[in-house]
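Visitor: Sequence:
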Amino acid sequence: MNAELSALVITAASIGFLHTLLGPDHYLPFIMMSWARKWSRTKTIVITFLCGLGHIASSIVLGMIGVSMGLAVKKLELIESSRGNIAAWLLIAFGLAYLVWGLRRAYKNKPHMHTHIHTGANEHEHPHGHHLEHGHVHNGAGGSSITPWALFAIFVFGPCEPLIPILMYPAAKIGFFGVLLVVIVFGSATIGTMLGAVILASTGVNFLPLAKVQRFSHVIAGATIFLCGLAIQFLGL
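Each number in our numbering corresponds to the 1-based position in the sequence shown with 73 added.
No wet-lab data here; the hints were simulated from the structure.
Warning: the hint list may mix true and false statements.
[Claimed, not checked] Lysine-lysine pairs mimicking PhoX-like chemistry, simulated, CA-CA at most 25 Å apart:
| hint | residue 1 | residue 2 |
| --- | --- | --- |
| 1 | K181 | K111 |
| 2 | K111 | K285 |
| 3 | K148 | K246 |
| 4 | K246 | K181 |
| 5 | K147 | K246 |
Using the sequences and the hints, build the whole thing.
Guide: Here it is in structure tokens:
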């Protein structure tokens, strides 16, 4: 490995880590969905990993096409920018839709009083709620949640902006091995950082006293994702 390729590999690892950590859209949706929908750790890890893989793969495919066809970096940057806008708006739409659904569900599950009459004519009342019931968004009769698929679609549209111009095109001058190496390093750093942030934050959330707001967990998750999308689109995070 020559000095130029070594520098690219270090750059790929550094950018993969920093661009993921500084982009809340890489981990906040998974943290909030895991908490609101009570995903197991395994399910959270699998969904995060697959979404991260789709996120990176789409930019890799586009970069490979650009390198093989000799397309100008400016053209690919324009395409990536368009994809970024689409992904941000999809994240905004998903968060807003989930927020509205969460409000509807929280209203339906508002605690209310139940009267019970027992043998001997004893009667008493107690507050009752349904927030612990199984009430998720389902896709048809199969009972399969559409949430992971929605997140996957959003992340496939989401580009890895620094991958093509900063890493793939310079590596292409070295050869196919150089491109392959920087892609693997960048992808590993990106997905590894996503998983690390999601696992640590999800574990921390479980220790917080959130029982009183559990009824509004879907509302909070939707609002967080909605605001995250707005920040990405209008603040350039």
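Visitor: Which hint numbers doesn't this structure obey?
Guide: 4
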